[in-house]
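Just so you know, the sequences run in chain order A and B.
When you line the first sequence up against the working numbering, it's residues 1 to 349, in that order.
When you line the second sequence up against the working numbering, it's residues 1001 to 1523, in that order.
Everything labelled a hint here was simulated from the structure, so no lab data went into it.
Treat the hints with caution; some may be incorrect.
Straight-line Cα separation of at most 20 Å, EDC-like style, residue types lysine to aspartate or glutamate; simulated pairs [to be verified]: (1) A/Lys79 / B/Glu1483; (2) B/Lys1057 / A/Glu338; (3) A/Lys325 / B/Glu1483; (4) B/Lys1086 / B/Asp1194; (5) A/Lys325 / B/Asp1068; (6) B/Lys1221 / A/Glu248; (7) B/Lys1057 / A/Asp34; (8) A/Lys177 / A/Glu214; (9) B/Lys1459 / A/Asp65; (10) A/Lys79 / B/Asp1184; (11) B/Lys1221 / B/Asp1259; (12) A/Lys79 / B/Asp1481; (13) B/Lys1155 / B/Asp1184; (14) A/Lys325 / B/Asp1163; (15) A/Lys53 / A/Asp83; (16) A/Lys94 / A/Asp165; (17) B/Lys1133 / A/Glu248; (18) A/Lys325 / B/Glu1072; (19) A/Lys325 / B/Glu1074; (20) A/Lys79 / B/Glu1485; (21) A/Lys137 / A/Asp83; (22) B/Lys1451 / A/Asp65; (23) B/Lys1057 / B/Asp1022; (24) A/Lys79 / A/Glu45; (25) A/Lys177 / A/Asp145.
Examples of chain B residues toward chain A, derived with CB under 7 Å [said to hold, decoys possible]: (26) Tyr1055; (27) Thr1076; (28) Pro1077; (29) Ala1079; (30) Leu1080; (31) Pro1140; (32) Ala1457; (33) Asp1491; (34) Arg1494; (35) Phe1503; (36) Gln1504.
Just so you have them, the derived chain B footprint on chain A, three or more residues with Cβ under 8 Å [said to hold, decoys possible]: (37) 115-128; (38) 320-333.
Virtual Cβ for every residue (Gly too), placed ideally from N, Cα, C.
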Amino acid sequence: MAFNDHFAVLLGINLYPGLRNLDGPENDIDAFHDWLRDPAGGNVEPKNIQVIKSTHFPPAAIPNDANPQERAFISCLDKLVRDPARNWLSRVGKRLYIYMAGHGFTAGSVINDPALFSAVAQNGDTAHIAGYRYASKIANAGFFDEIVLVMDCCQDVLKASQVVDPTWSPPDRNKLKDVRVLQAYGAPRGQAAFEREETPGGPKRGFFSKVFIEALRTAKADQSNGYVTGATLHDQIAQLWSDRYLAETGYQPQILTPGGFDIQLVARGPVPAAGNGAHAVTFVVNPPIPAGSTVDVTSTPNTPPVISMPASAVTPQVLQLGYYKAVLTTTNRVYRFEVNGVDPVEVRL
Amino acid sequence: MSPTATLTPPENSETLVPVSIDTPDLGSHIEVFDGSFRPLASGVGSLTLMLPNGYYKARFKAGDRSADLLFEVEDTPVALQGPALKFSSPIPLTNTSNNHEFQYGPSRDLASKPPIAALGIGGGVFIFARDSKQQYQQPPAGPAQWQGLCISNSKHVHVFDVDSNSNDSIVPSNGFASVKLDLDPGLYFLEQPDCVHPQMVLKLPFVVCEGWCTHIYVDSKDACQPGSPSMPANATQRVLDLGGAAMVMLRLGASPHLDEEVARLSEIARQGLMRSVEAVSARELDEMLEGRREFPMLGLYAAHVMLGRPEPDWIKVGRITQHLERWLGSRHPDVDVLLALCARHGLATRAPTLTLWPPLLAATWELAIANGIKPGDFDARGDWQRQYRVGGSMWSCLYAPKHLADLAAGRRARKPSLLGPGRKSGEIVEAAKSILEAMPQLASDPSASWKRNLTTALKNPDPDRPPFEQAVRRRVLDLLDDEHENVSLGDIGRHVDSLAQQFQVPSEDVGEVIDKLAQKMRD
Chain A
1 MAFNDHFAVL LGINLYPGLR NLDGPENDID AFHDWLRDPA GGNVEPKNIQ
51 VIKSTHFPPA AIPNDANPQE RAFISCLDKL VRDPARNWLS RVGKRLYIYM
101 AGHGFTAGSV INDPALFSAV AQNGDTAHIA GYRYASKIAN AGFFDEIVLV
151 MDCCQDVLKA SQVVDPTWSP PDRNKLKDVR VLQAYGAPRG QAAFEREETP
201 GGPKRGFFSK VFIEALRTAK ADQSNGYVTG ATLHDQIAQL WSDRYLAETG
251 YQPQILTPGG FDIQLVARGP VPAAGNGAHA VTFVVNPPIP AGSTVDVTST
301 PNTPPVISMP ASAVTPQVLQ LGYYKAVLTT TNRVYRFEVN GVDPVEVRL
Chain B
1001 MSPTATLTPP ENSETLVPVS IDTPDLGSHI EVFDGSFRPL ASGVGSLTLM
1051 LPNGYYKARF KAGDRSADLL FEVEDTPVAL QGPALKFSSP IPLTNTSNNH
1101 EFQYGPSRDL ASKPPIAALG IGGGVFIFAR DSKQQYQQPP AGPAQWQGLC
1151 ISNSKHVHVF DVDSNSNDSI VPSNGFASVK LDLDPGLYFL EQPDCVHPQM
1201 VLKLPFVVCE GWCTHIYVDS KDACQPGSPS MPANATQRVL DLGGAAMVML
1251 RLGASPHLDE EVARLSEIAR QGLMRSVEAV SARELDEMLE GRREFPMLGL
1301 YAAHVMLGRP EPDWIKVGRI TQHLERWLGS RHPDVDVLLA LCARHGLATR
1351 APTLTLWPPL LAATWELAIA NGIKPGDFDA RGDWQRQYRV GGSMWSCLYA
1401 PKHLADLAAG RRARKPSLLG PGRKSGEIVE AAKSILEAMP QLASDPSASW
1451 KRNLTTALKN PDPDRPPFEQ AVRRRVLDLL DDEHENVSLG DIGRHVDSLA
1501 QQFQVPSEDV GEVIDKLAQK MRD
């Protein structure tokens, strides 16, 4: 059964007569659209998904006539959060996905304020859609419990320009604090996003979109709840990106998970017995391993170990968030480590 | 949190153990966290605190680098030494991540040589522009980073072309260009055309003071190539990062050599200010307060560190400001703003007449705006340059059309705006609305032809207009295009006001834009 209370607005802009055309955004939007409809993926009711793409509009000869513009995006939002008489609704659903791909920028000194150039952008006109600002307004109005904002675009810092606040103004219900917002940005502030053919002569895909959607499909579940969460998605993206693009781009994409309870994106696998906030820790004991020695892990000095296991047969363990010390008994090998729920932990003794 | 902190003992009255943490760099920021990741205490350079038995983490930050150190507290006092962090710096410095001998040596040699030209007397400037990614004795990968680099005066008139007049000190194969000049005291800009939009220039302000040589160090960064404001895949070039420049000031006649320790402390302090991290130690502050360290830029950073605290110690800010004034002698816009602020807080400093604008530090500019401190000469104050100020840089960099000198001259001859000066935000809406509605053609226009006129007139963007005007054009077009909203003149005024607040544009400039919109509606 698809989720009736999940919604999505997808925006992919390939054609920028005033800038430079791209090839990847529409492919990226299509791939995410596939994942959203997949019962093993987002499992969103197809009628709840709105898509805006350059190819939905006639090609424009001059930048001033190009589409889509911000108005198209606003129209999609209005369909979701306003009734036919254009009154604002109260609650609309559980989750809203907003996915944007195209040229982008940021400005000012705010760290996370990305904007997608609309198709009409050109020299002297930074027409844009301020992605995070829209997400904030939607969150603050309390239309949804969760918002997943994905922006696969550059975040070059436009020098004297500004990302301007949208004119679209839903009611300010002060709900921002209650809404979980997951932000995923293909390029951190000041960095470029990239696209490339997947195979020679094949379709182009944005680096980030490709990794993001693959991570959605392959990320492990949080052991505490059996869901792919913002944190486990972050870890998987970090891993995939490190393997493929880190050396080339020199940065890691930004995945900003909600504060407090993380967002539970996709149910996956059985829920293990570990309690909330527990995270897996792996152990490696280098030879020589003295006979009879154990790996003892303490969470406080001079207290009994929270874990004690034979050094010759270490196994992955689940630990609560915090700082720990592992020692290989009968030797002076010590490893202090931190379980923070974000970075994978491998204890090497 | 303070450099010395004692935690409240837990309910079971566990013994508290003294912990002292030091860092090799006096400016390194230290923060200690407990096992629940709660920050317990912080300090700069060193930190002493009392902690109960447990595991903790100390985090060290200097410039763009940080490192964590887990430690345990048992029964005996703990003494920790943090690492020397190899942060990156535009100044070639030992123990930094982007230092090269083939740039370090020349930067010191060239600084100690005589100036190559005397364009004035009393002060000087030394500029060292480099690319830290350049390999030793290799042909550069792209166009020279210092192409078009030049110096202009406070009126935005070119006074010296660096790239065409410094042949002896430009070594592309080792990735650096340098120039040393004698200059009159005053405000100048180091500027370069934008690599994407060559009709625009990026301008870094700097000040030359009587008896001082201002050293400016600039590294390079990746940027997009011409043709796209958004970076095309795999097409980047190296350009100078003027917004990330480092500055130090050395006394003329004293040793021309950059003191390694002072340069390092200044850099940590500058980068700390940039990242809102306290990076001036108590010892440095004390020495600054005593006037023992004659390092103006470090003093400026220290003053801002103190002003950034929740409750600034104005006595200390005043003392540092007085030292700065004594050292520098001649006019310096940042020092003048600080002096004016101190005078307002009842300190016995003179309130100067501000004649130079803008201040070097964006933080000083913000302070001036927040406190209504303006240069004495209204026409020359250049507040309108705010429209061109670069966001995100710690310096008051401008990103402006090449012909800013003409624009600046034009500002002095401009007509007074209908809106008038000194309007506050809410007043702008009302004033704009009344200006627009007072036009008889509009009031008696039931077919609202003004909307069509305006849409047609705004159809094509003008890249030469300041960013605020560009944003107003886009906003008005979007409003007029909204089929659901019957946009009124008042709505336009409200949105212009909202944008003016975001762009921090003074009301005179808003008035000009409103005047232009009204003109377009009439036409």
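Hints, one by one, checked against the model:
Of the pairs offered as hints, the one joining A/Lys79 and B/Glu1483 holds, with about 15 Å between alpha carbons and a cut-off of 20 Å not exceeded. Only pairs whose Cα atoms come within 20 Å are accepted, and B/Lys1057 paired with A/Glu338 is accepted, the gap being roughly 9 Å. Simply put, A/Lys325 and B/Glu1483 have alpha-carbon atoms about 65 Å apart, too far for the 20 Å limit, and the pair is violated. Our distance criterion of 20 Å between C-alpha atoms is broken by B/Lys1086 and B/Asp1194, whose separation comes to about 30 Å.
Only pairs whose Cα atoms come within 20 Å are accepted, and A/Lys325 paired with B/Asp1068 is accepted, the gap being roughly 15 Å. The hinted pair formed by B/Lys1221 and A/Glu248 meets the criterion: a straight-line CA distance of about 16 Å does not exceed 20 Å. For the hint pairing B/Lys1057 with A/Asp34, the CA-to-CA distance comes to about 44 Å; that exceeds 20 Å, so the pair is violated. This hinted pair does not check out: A/Lys177 and A/Glu214 have alpha carbons roughly 30 Å apart, beyond 20 Å.
Proximity of B/Lys1459 to A/Asp65 is assessed by CA-CA distance (about 10 Å); at most 20 Å being required, the pair is judged to hold. Taking the CA atoms of A/Lys79 and B/Asp1184, the gap is near 64 Å; set against the 20 Å cutoff, the hint is violated. Taking the CA atoms of B/Lys1221 and B/Asp1259, the gap is about 26 Å. The hint is violated against a cut of 20 Å. Note on A/Lys79 and B/Asp1481: the hinted pairing holds, with a Cα-Cα distance of about 18 Å set against a maximum of 20 Å.
Only pairs whose Cα atoms come within 20 Å are accepted, and B/Lys1155 paired with B/Asp1184 is accepted, the gap being roughly 14 Å. For the proposed pair A/Lys325 and B/Asp1163, the alpha carbon gap of about 57 Å is over 20 Å, so the pair is violated. With a CA separation close to 25 Å, the supplied pair A/Lys53 and A/Asp83 exceeds the 20 Å bound. For the suggested pair A/Lys94 and A/Asp165, the alpha carbons sit about 25 Å apart, so the restraint of at most 20 Å is broken.
Restraint check for B/Lys1133 and A/Glu248: the C-alpha separation of about 15 Å stays at or below 20 Å, so the hint holds. For a cut-off of 20 Å, the pair hint linking A/Lys325 to B/Glu1072 stands: about 9 Å separates their Cα positions. Between A/Lys325 and B/Glu1074 the CA atoms are separated by roughly 13 Å; this keeps the pair inside 20 Å, and the hint holds. For the suggested pair A/Lys79 and B/Glu1485, the alpha carbons sit about 16 Å apart, so the restraint of at most 20 Å is met.
Straight-line distance between C-alpha atoms of A/Lys137 and A/Asp83 comes to about 18 Å, which keeps the hinted pair within the 20 Å bound. With a C-alpha separation of about 18 Å, the suggested pairing of B/Lys1451 with A/Asp65 holds against the 20 Å cut-off. Of the pairs offered as hints, the one joining B/Lys1057 and B/Asp1022 holds, with about 14 Å between alpha carbons and a cut-off of 20 Å not exceeded. With a C-alpha separation of about 16 Å, the suggested pairing of A/Lys79 with A/Glu45 holds against the 20 Å cut-off.
Restraint check: the Cα-Cα separation between A/Lys177 and A/Asp145 comes to about 10 Å, which is no more than 20 Å; the hinted pair holds. Hint on B/Tyr1055 holds. Least Cβ distance to chain A is approximately 4 Å, under the 7 Å limit. Look at B/Thr1076: its Cβ only gets to about 11 Å from chain A, farther than 7 Å, so that hint breaks. Annotation: B/Pro1077 was flagged as interfacial toward chain A, and the flag is violated, the nearest CB pair being 14 Å apart, outside 7 Å.
Interface hint status for B/Ala1079: violated, as the beta-carbon distance to the closest one in chain A is roughly 16 Å, over 7 Å. A distance limit of 7 Å between C-beta atoms decides the matter here; for B/Leu1080 the minimum to chain A is near 12 Å, and the interface restraint is violated. At its closest, the beta carbon of B/Pro1140 sits 20 Å from a beta carbon of chain A; the interface hint therefore is violated under the 7 Å criterion. At its closest, the beta carbon of B/Ala1457 sits 13 Å from a beta carbon of chain A; the interface hint therefore is violated under the 7 Å criterion.
Interface hint status for B/Asp1491: violated, as the beta-carbon distance to the closest one in chain A is roughly 9 Å, over 7 Å. Taking 7 Å as the C-beta contact cut-off toward chain A, the hint placing B/Arg1494 at the interface is violated, the least distance being around 10 Å. Nearest Cβ of chain A to the Cβ of B/Phe1503: about 6 Å, under the 7 Å cut. The hint holds. This hint is violated: B/Gln1504 has a C-beta 10 Å from the nearest C-beta of chain A, more than the 7 Å allowed.
With 8 residues having a Cβ less than 8 Å from any Cβ of chain B, the segment 115-128 of chain A passes the three-residue criterion, so the hint holds. Coverage of the segment 320-333 of chain A by chain B holds [criterion: at least 3 residues with CB-CB distance below 8 Å; count 5].
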